[in-house]
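Protein chains in written order, with the working numbering: chain A, 32 to 102; chain B, 1005 to 1198; chain C, 56 to 516.
Hints are not guaranteed to be accurate.
As the list claims (entries may be wrong) - With a cut-off of at most 30 angstroms between alpha-carbon atoms, the simulated BS3-like pairs for lysine-lysine come out as follows: (1) LYS1176/B - LYS359/C; (2) LYS1058/B - LYS500/C; (3) LYS295/C - LYS1189/B; (4) LYS256/C - LYS1176/B; (5) LYS417/C - LYS295/C; (6) LYS1135/B - LYS454/C; (7) LYS1133/B - LYS440/C; (8) LYS1176/B - LYS113/C; (9) LYS424/C - LYS84/C; (10) LYS1189/B - LYS275/C; (11) LYS500/C - LYS440/C; (12) LYS277/C - LYS402/C; (13) LYS1176/B - LYS108/C; (14) LYS1170/B - LYS172/C; (15) LYS1146/B - LYS84/C; (16) LYS1189/B - LYS277/C; (17) LYS1176/B - LYS454/C; (18) LYS1189/B - LYS236/C; (19) LYS1138/B - LYS424/C; (20) LYS1138/B - LYS417/C; (21) LYS359/C - LYS88/C; (22) LYS84/C - LYS1176/B.
In short, the hints are calculated from the structure, not lab data.
Predicted model only: the values in this text are computed from it and were never measured.
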Amino acid sequence: MSIEENKEYTPKIIVFACNWCTYAAADLAGLNHLEYPASVRIIRTPCSGRMDPNLVLRAFNRGADGVLLSG
Amino acid sequence: MKRRVGVFVCECGTNIASVVDTEKVAAAAKNMPGVIFATNYKYMCSDPGQELIKNAIKEHGLQQVVVASCSPRMHEKTFRKAVEDGGLNPYMFEMANIREQNSWVHKDREEATQKAEDLVRMAVSKVLKHKPLKIATIPITKRALVIGGGIAGMQTALDIAEAGHKVLLVEKEASIGGKMSQIDKTFPTMDCAA
Amino acid sequence: MVAVAQHPNIQLMTMAEVVNVDGYIGNFKVTIKKRAKYVDWDLCTGCGTCMEKCPTKKIPDAFEMEMGQTTAVRFLYPQAVPGKPFIDAEHCTKLLNGKCGVCEKVCPTKAIRYDDKDEIVTEDIGAIVMATGYDLFEWEKAYGEYGYGMYPDVVTSLHFERLSSSSGPTGGKIQRPSDGKIPDSVAFIKCVGSRDDTKGKSYCSRACCMYTAKHAYQLKDKHPDSDAYVFYMDVRATGKGYEEFYMRSQKAGAKYIRGRVSKIYPKGDKLVLKTEDTLLSKPMEVEVDMVVLATAMVPAEGAKDLAKIVGFTTDKDGFFQEAHPKLQPVETFSAGVYLAGTCQGPKDIPDTVAQASAAAVKVLGLFAKNELATEPMISEVDYNKCSGCEFCVPICPYKAISIKQLAERYHGQQINRRVADINPSLCQGCGACLPACRTTAITLKGFTDEQLVAEVDALCL
Ligand SMILES: Cc1cc2nc3c(=O)[nH]c(=O)nc-3n(C[C@H](O)[C@H](O)[C@H](O)COP(=O)(O)OP(=O)(O)OC[C@H]3O[C@@H](n4cnc5c(N)ncnc54)[C@H](O)[C@@H]3O)c2cc1C
Ligand code: SF4
Ligand code: SF4
Ligand code: SF4
Chain A
32 MSIEENKEYT PKIIVFACNW CTYAAADLAG LNHLEYPASV RIIRTPCSGR
82 MDPNLVLRAF NRGADGVLLS G
Chain B
1005 MKRRVGVFVC ECGTNIASVV DTEKVAAAAK NMPGVIFATN YKYMCSDPGQ
1055 ELIKNAIKEH GLQQVVVASC SPRMHEKTFR KAVEDGGLNP YMFEMANIRE
1105 QNSWVHKDRE EATQKAEDLV RMAVSKVLKH KPLKIATIPI TKRALVIGGG
1155 IAGMQTALDI AEAGHKVLLV EKEASIGGKM SQIDKTFPTM DCAA
Chain C
56 MVAVAQHPNI QLMTMAEVVN VDGYIGNFKV TIKKRAKYVD WDLCTGCGTC
106 MEKCPTKKIP DAFEMEMGQT TAVRFLYPQA VPGKPFIDAE HCTKLLNGKC
156 GVCEKVCPTK AIRYDDKDEI VTEDIGAIVM ATGYDLFEWE KAYGEYGYGM
206 YPDVVTSLHF ERLSSSSGPT GGKIQRPSDG KIPDSVAFIK CVGSRDDTKG
256 KSYCSRACCM YTAKHAYQLK DKHPDSDAYV FYMDVRATGK GYEEFYMRSQ
306 KAGAKYIRGR VSKIYPKGDK LVLKTEDTLL SKPMEVEVDM VVLATAMVPA
356 EGAKDLAKIV GFTTDKDGFF QEAHPKLQPV ETFSAGVYLA GTCQGPKDIP
406 DTVAQASAAA VKVLGLFAKN ELATEPMISE VDYNKCSGCE FCVPICPYKA
456 ISIKQLAERY HGQQINRRVA DINPSLCQGC GACLPACRTT AITLKGFTDE
506 QLVAEVDALC L
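With the sequences and hints as input, model every part of the structure.
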C-alpha cells in the first residue's frame, strides 16, 4: 500500500491466525465491538503449526509492514 | 477447473451495511480476476439468500462461490450446503469475514469498505485454487472402553450402558471402586462412600 | 458399585491393564494384559474359605494403608466387586517356593489355579474414556521437617479415612497407629505438597480443604473431648453447601489456625508442631498425639506412559491434557478419546461425577451415528516427492504419519522405497507436518501453500 500524502502513515499488518484460538478470539473481539485499526488483515490458518517461515517472508516481500503470527 | 467465481456480499441487515458499502464491494468484486457474477443481498444466510446462490450457480454456470459475510466459524457449514445443493462440490467455496473482523471492529466507512474489498479479493484468489474434495466415511464400533474403575469410570460406564451400548471396564486392581472405597463418609452430605 | 458389576451391558476386567492401542476413532484395537489371579472366577463363588484358612496371614494390607494385616489369598477388601479373591503372588508360599497348597484343598469349588498365567487379549473398541484417577503425593520423600515418614503417628488423610471407617482396622475408633491410644489432640495440616513449588506441586488439590473439615468434624463427633487443630493457608470451600459444611466443623469445635507448620518433632510420646499463627503474627508451638497430613493429589502411577500408549498428551504436572480448558474439558487431542475424573486434574466427587457423565455423553454422541464422515481438509503425501526422511513422523501430534514400503520399478528392477503415509482417519488437518517436510511432499488440502501464498499476495499487493 502506498503512503498517501494526506493520511497518517498506517502500517499494513498481516495476521496469521489459528482457526481454533486467535481466529476465534478475533471473532469474539468483533462480537464485543472492540475497535482496532482497519489496516489489520487476518488470514485464517488451521493451526499455527501450519505456518511456514516462507509465508512470513512472502508477506514482507510483498510489502507488509508487520506480520503477526498468533496461535 | 474453469474460473467462474460468483461473489455474494451480505449486508447482514445493517450489521455490515451500516459500516461497509456492500454495493461498492460487489461492484469491485466484478472486476476481480475470475469473477463472473457479484451481488449484494440483505441476509445471505436466510432461505432466499441461499436460493440466490443456488440459482446463480445454475444460471451463470458458477464453478466457485465466495460469500462475504460473517465469520466462517458461524456459517461456513450453511453455505457449503447451499453450494452443494446448487450442484457444486461443497469445498469449492470460501468465505470473507467482513462482519466480526471488519464492520463490527471498524468505524471509518471508507477504510472498512476498502478492507472488505481486500478480504473478498483474498477469498477469490483462494477459491480459485480450490479443488473438489471428497468426504469419506468410516464405520464405528459401538463399544466403549473405560480405563479405570473409580467413581469416574463407574459413572461413565453406567451412563453409556444405560443408553444401550456395550462397555468394557478395565481396572488394574482386583476390585473396582478406586479411592472412594477407602473413604469412610463423604462431604458435603456425609453419606457413606461405597 | 454392584450396579456396575450387574449391568448386562458392562463387562468388567479387573487386574488388567491396557498395553497397546492401535487404530483411530470408531475403530481402535486395544491390547489388554490380564494379570494372573490364580483363582478361576467362573468357578469361585466368593465363599471366602480360602482366605479364612490361608496360613500366610501377616501381610501388611495396602488397602488399610498397612495399618492392618491380610492373607496371601484375599479379597481386595471385604466388599470388593467382583466379590472374588485372588492370590498375591509376592507373598503366597506355594507360588514362592512350592510349600502350602492349603487353599486348593479347602476350596469347595476347586477354583484355585496355581498355574494361572498372564493373558493378553485384543478388543475392538469405538471410543475410549480415561478414568485412571490419582495417587497421593509421596510426602515422605520431600518433607524432612515432618520426619520423612519416620514418626508412626504422622499419617496421611487416607490413613485417617481408614481409622474412622467402621470396616477399617480399628472398627471405626480413631486410634493412633503407634500404640492404639485414642488421641487427646490431633493436628491436621493442609496443603502438604500442594501450593508448594519448592517441595511439591504448584497447584491446589481442591478436595483437601473439605475433607480436612470433614476429618476434624469426625474427630469431634466421635471423641468430643479430643482437640482438633487445623493448620491452613486458606480455606477454599467453594462448592455448593461447602461453606456451611466448614462452618459446621468449626461449630463442632475444630480450631483453625492460619499458618504453615515448619517443623514436627517428637517429645515423649507426643509430637510438637512449630508454627506461626499468621493472623496474630505470633510464633507458637502445639503438642498433639497425632498429625494428619492432607497430601496433594498427583496423577496415577504410570499415567504418562498410558497417555503415550493411547496417543494423547499430559500437562506440566502429568495430568491428562484436555483439548480446551473451557470448551472441550473432557476431550483430548486424540479423536475418540475422552477424560473423566481426577486423571484430568484434582477434583472432588461431585465434579468427578459431573465430568464422568459429560464424557459418557461425548461417547454416546459418537455412537448415535452409524458412520463417521472424515474431514476432507487433511494432509496428503506425494510419494514421488517424499524422500522418506521421517522428519514429519514425530511432528504429528495425532500419530497419523507412519512409514510404509513402496514397491517400485527402478532400471527394470523391483525395489522397495520408504515413504511417509498419512492415515486419513487420524489426520486432523493441523498442517504441522508441512513445514517439517524439506521436499514439500506434503500438501494440506484446503490450506495448500499455493492457497496461502495467493491470500498473502491478494492482501499485500
Ligand atoms: C483422604 C481423602 C478423602 C476424600 N474425601 C472426599 C469426600 O469426602 N468427598 C469428595 O467429594 N471427595 C473426597 N475425596 C476426593 C475423591 O477421592 C476423588 O474425587 C475421587 O475418588 C476421584 O475419583 P476417580 O475415579 O477420578 O479416581 P480414583 O478413585 O483414583 O479411581 C481411579 C481408578 O483407576 C484405576 N487405575 C489407575 N491406573 C490404571 C490403569 N493404568 N489401568 C487400569 N486402571 C487404573 C485405579 O486402580 C482406580 O480404581 C477425598 C480424597 C482423599 C485423598
Ligand atoms: S497356597 Fe498361597 S494363597 Fe493358598 S492358602 Fe497357601 S499361602 Fe494362602
Ligand atoms: S484444597 Fe485446600 S488444602 Fe488442598 S491444596 Fe487446596 S487449599 Fe490446600
Ligand atoms: S496435518 Fe497435522 S494431523 Fe495431519 S499428518 Fe500432518 S501433523 Fe499430523
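Comparing the hints with the structure gives:
Taking the CA atoms of LYS1176/B and LYS359/C, the gap is near 16 angstroms; set against the 30 angstroms cutoff, the hint holds. For a cut-off of 30 angstroms, the pair hint linking LYS1058/B to LYS500/C stands: about 25 angstroms separates their Cα positions. Proximity of LYS295/C to LYS1189/B is assessed by CA-CA distance (about 17 angstroms); at most 30 angstroms being required, the pair is judged to hold. Between LYS256/C and LYS1176/B the CA atoms are separated by roughly 26 angstroms; this keeps the pair inside 30 angstroms, and the hint holds.
Among the hinted pairs, LYS417/C with LYS295/C is consistent with the structure: their alpha-carbon atoms are about 26 angstroms apart, no more than 30 angstroms. A hinted pair counts as satisfied when its Cα atoms are at most 30 angstroms apart, and LYS1135/B with LYS454/C qualifies at roughly 26 angstroms. Between LYS1133/B and LYS440/C, the direct Cα distance comes to roughly 21 angstroms. Compliance with the 30 angstroms bound is thereby established for this hinted pair. With a C-alpha separation of about 24 angstroms, the suggested pairing of LYS1176/B with LYS113/C holds against the 30 angstroms cut-off.
For the given pair, LYS424/C sits about 20 angstroms from LYS84/C by alpha-carbon distance, which is consistent with the 30 angstroms threshold. For the hint pairing LYS1189/B with LYS275/C, the CA-to-CA distance comes to about 15 angstroms; that is within 30 angstroms, so the pair holds. Between LYS500/C and LYS440/C, the direct Cα distance comes to roughly 17 angstroms. Compliance with the 30 angstroms bound is thereby established for this hinted pair. For the given pair, LYS277/C sits about 27 angstroms from LYS402/C by alpha-carbon distance, which is consistent with the 30 angstroms threshold.
Between LYS1176/B and LYS108/C the alpha-carbon distance is near 26 angstroms, which keeps this suggested pair within the 30 angstroms criterion. Restraint check for LYS1170/B and LYS172/C: the C-alpha separation of about 27 angstroms stays at or below 30 angstroms, so the hint holds. Between LYS1146/B and LYS84/C, the direct Cα distance comes to roughly 13 angstroms. Compliance with the 30 angstroms bound is thereby established for this hinted pair. A C-alpha spacing of about 13 angstroms is found between LYS1189/B and LYS277/C, which places the hinted pair at or below 30 angstroms, so the restraint holds.
In summary, the hint linking LYS1176/B to LYS454/C is supported, as the alpha carbons are separated by about 26 angstroms, within the 30 angstroms threshold. In summary, the hint linking LYS1189/B to LYS236/C is supported, as the alpha carbons are separated by about 23 angstroms, within the 30 angstroms threshold. With a C-alpha separation of about 19 angstroms, the suggested pairing of LYS1138/B with LYS424/C holds against the 30 angstroms cut-off. Between LYS1138/B and LYS417/C the CA atoms are separated by roughly 26 angstroms; this keeps the pair inside 30 angstroms, and the hint holds.
Taken as a hint, the LYS359/C and LYS88/C pair is honoured in the structure, with Cα atoms around 18 angstroms apart against an allowance of 30 angstroms. Straight-line distance between C-alpha atoms of LYS84/C and LYS1176/B comes to about 19 angstroms, which keeps the hinted pair within the 30 angstroms bound.
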